[in-house]
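S.K.: All chains, please: the whole structure from these sequences, using the hints.
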Amino acid sequence: MKTEPQAVKSLFTLDRTKVVPELVGKPDDFLIVTGLAGAVYEIAALTNHADYFYGLGGAMGAACMMGLGLALAQPKRKVLVVTGDGEMLMSLGSLCTIATVNPQNLSILCVDNGHYGETGYQRSHTARGVDLAAIATGTGLKRVHTVAVEEDVAEGAKMLRAGGDTCFVLASVKPTDGPKGKLNLFGDECRTIFRRALLGPA
Amino acid sequence: MSGTSAEPKRWQDEMYDELRKANVTQFCYVPDAGHIIMINRSLADPEVHSIGLTSEEEGVALLAGADLGGARGVLLMQSSGVGNCINMLSLIEGSRFPFLCVVSMRGQFGEGNPWQYAMGQAVETVLSAMGVICLKVDRPEDVVGTVQAALTMTFKSGRSVAVLLGQKLLGAKKF
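As they're listed, the protein sequences go chains B and L.
Counting in the working numbering, the first sequence runs from 1 upward without gaps.
Counting in the working numbering, the second sequence runs from 1001 upward without gaps.
Be aware that a few hints might be false.
As the list claims (entries may be wrong) - Okay, the calculated bits of chain B under chain L, using three or more residues with CB under 8 Å as the criterion:
no.: 1; region: 53–65
no.: 2; region: 137–147
no.: 3; region: 189–196
The hints are simulated quantities; they were obtained by calculation from the structure and are not laboratory data.
Bear in mind the structure is a predicted one, so any value in this text is a computation, not a measurement.
Just so you know, even glycine gets a beta-carbon here, dropped at the ideal spot from N, CA and C.
M.R.: Below, the structure is given as structure tokens:
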């Protein structure tokens, strides 16, 4: 019996400048770690460089595992990882690891624009059919949701802040940049600011 | 578990106990024969998170996240795993995260698998190049003192430190 190939759920049509703020909601409900490039610019702008946010400027692939370490260290706080398709593709193993640990206070938002925006908008694997949400489901993560059309946003936003099993929300957006402001690329300063706000003076 | 008989404590148990005394609560690793006692201790310890990784570089990022949240961790890996961590160590160097790893060495004293030599022999060069201080241990009686030194250097002075457990200490794997 011939089966039809599954429809690719990523449509790459949503506007990230609208959808990402809707999904994140009130950002200071979370401790936030972001991947480099699109994600860090976006969350820096959304939070006005808040002290509950740590964003990468390099070390591609670190965001999800940093979120795991933070979530385990701070079980009473909700931790949100915001990353892009490129960074997620580089660290697929971390999804497997996170699924085995399944912290109850960790949410991952992957903003998938199907492109490496930072390096000149080369197409990524997700624009060629790789479905990160299907991969996330395959790792055993229990709560996975794709936001491909506007009607999917409310469920995604709810899932990100509900708590319970670790969730993975894939937001399929147009291949455009989010807001691009100035970034603090000195990681040691960002670490100190984050820790001081969370833990008090060293 | 250790300490219940007249047998001297195994150095692996002493090392685990030192890490726990220093409030290390996140143990991460890719399964490795050289670390089996430490890994099993962490799995049996309800007070810690024992986290199996798919690749060692995940552990580097995990420990940085732990530090952001005020927790302490250690990455246990074989020398081959060091190579998997190289670019991720720029996270540690760039943000001055404290970083502690314990490396079971291969490709060294009495190694019988030629595949292990390239990375095993490059461990110190690679770690040093990425700003990680290497402390080598070859004798059981030096383990505790070295781990204590590494804990102080990492969590009091904020350095990144690798304790290298040599094959003189571990014994070369029999083939």
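S.K.: It remains to establish, for every hint, whether it holds in the given structure.
M.R.: These are the hints, each one checked on the structure:
Only residues whose beta carbon comes within less than 8 Å of a beta carbon in chain L count, and the region 53–65 of chain B has 11; three or more means the coverage holds. As drawn, the region 137–147 of chain B meets chain L at 0 residues by the rule of a beta-carbon pair under 8 Å; below three, the given contact is violated. With a threshold of 8 Å between beta carbons, the proposed coverage of the region 189–196 of chain B by chain L holds, since 4 of its residues qualify and at least three are required.
Comparing the model with each numbered hint stated earlier shows that hint 2 is the single one that does not hold.
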